[in-house]
Amino acid sequence: MFLELDGRGPQYAQLTRAMKSAILDGRIVAGSRLPPTRELAHELELSRTTVLAAYDQLRAEGFIDARVGSGSYVTTLQPGAALQPPVDAIVAPSLYAERARRVQDRRMAILHRGLRYHMNYGEPTINPMLSSVWARELARAATYMPASGAGSQGLPALRQQVCDYLARRRGVQVQPENVLIVSGTQQAFSLAARVLLNEGDTVVLEEPHYFGAYQALIAHGARVQGVRTDDDGLVCSELPAAAPSLICVTPSHQFPTGAVLSLQRRLELLRYADAKKCWIIEDDYDGEFRYDAKPLAALRSLDQADRVIYVGTFSKVLFGTLRLAYMILPVALREDFITAKFLNDFSCPGFEQAALAHYMEDGGFERHLRVVRKELKARHQELIRGLREYVGERVEIVDSPAGMHVVVWFRDYDKARAEALLELASSRGLGMYSMAPHYLNPPSRQGLLLGYCGLSTGELRDAMKLFGACMNEIDARMISDSTRDHA
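Taking the UniProt record's numbering, I'd label the letters of the sequence shown as residues 1 to 487.
The hints are simulated quantities; they were obtained by calculation from the structure and are not laboratory data. It cannot be assumed that every hint is accurate.
Within a straight-line C-alpha distance of at most 30 Å, the following computed DSBU-like cross-link-like pairs (lysine-lysine) qualify [what the hints assert, rightly or not]: (1) K465 to K377; (2) K374 to K276; (3) K465 to K415.
All chains, full assembly: derive it from the sequences and hints.
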């Protein structure tokens, strides 16, 4: 079967589009039997997982039928059915849409279906007790939540709890009137772009960086400039001479490398922002999780000029589906951000805010953090142990005693070899992320970002054993190919 993939997005989505096109233009005839997934995967040199996912999507959209014991067959479409034109045939209706289409190519796509071990770095650790506790908090909130709602700035009770928590745990002193409750870190970046940036304004991002921030900023028309990071975080001496409008940093645990911004550089960065009259976003995405010492004080706690916008999230420490985060705003920007939030979606859901406020006031939130911190430490240690045992010296481990992920760099893998490894691992049920999408310019070596929150210690041990076995197979292939080439 001749199918040409378009190279846009995940391979299963490419295959789905190619097969739909072939069905709609008659190259795959209605009523015909499709090749078995193993056969098609071998023919197209794709993983069977990729083909299975494409078949599942086609089945869900009504293009094919599955017959038990017989296979998958193309359905007969109703005559005259209105067919939607392909999205890429429609001209982008706005500059925003055009830029947003371009940044989609930098999304990191990994197939969830069929993966036994998915090393996603963004999912919170499951606390078995949390679901029942949260259900009680929601029931309580439904009884006591004011009918007037939470307001655009967020429920006062939750904003007060955020202030109390930050003062205890992050060294940040703030008043509730300077707290804005938002729908996740991604909305925080989007609001910052709306409030602070005009078309073509310069934004400094760490290199490497969180690709979600890059997407939000580029879509709003920013000109992104990367500044190098090293073992002490952002290299402040390389900040641009011309003042940027915004600087985005992760000082407590640089994403994704894990470096901590040194005190000297924190002070240097704050002096730079004050002198250039630019703003700083401090993304404290996992500041709660340090395993070797007390959490570090936030950059915001050192800010005397009120130039730092602090962003924290509840999604990564409670539920991924709990789209609640918060921003600590400079006084000069407060009303502009509240207005932007109102214009975007009016407010965040009130019941969830009320439930979270009481959960924090009752001490449940910090009890949960203690449980999760202990479990994450054990998973972190198991991941490192598994890497050393099954992968060994073939990778360099960038070990950071904090956060929810570990970075490893291959010692002797080029891009093709690393991609072959990721494809093989995915076909065996192990999903891993490349470091490449976090760079404006491709890194000089190949690396992986391994999240460990979603897997138990036993699963992490098995995943690392599978990782090592996949590396062994790829290495053997390379040796065989090299021998054949020299024969």
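Hint-by-hint comparison with the structure:
1. K465 to K377: 20 Å, holds
2. K374 to K276: Answer violated: K374 to K276 is near 42 Å, above 30 Å.
3. K465 to K415: 22 Å, holds
Violated hint for the displayed structure: number 2, the only one.
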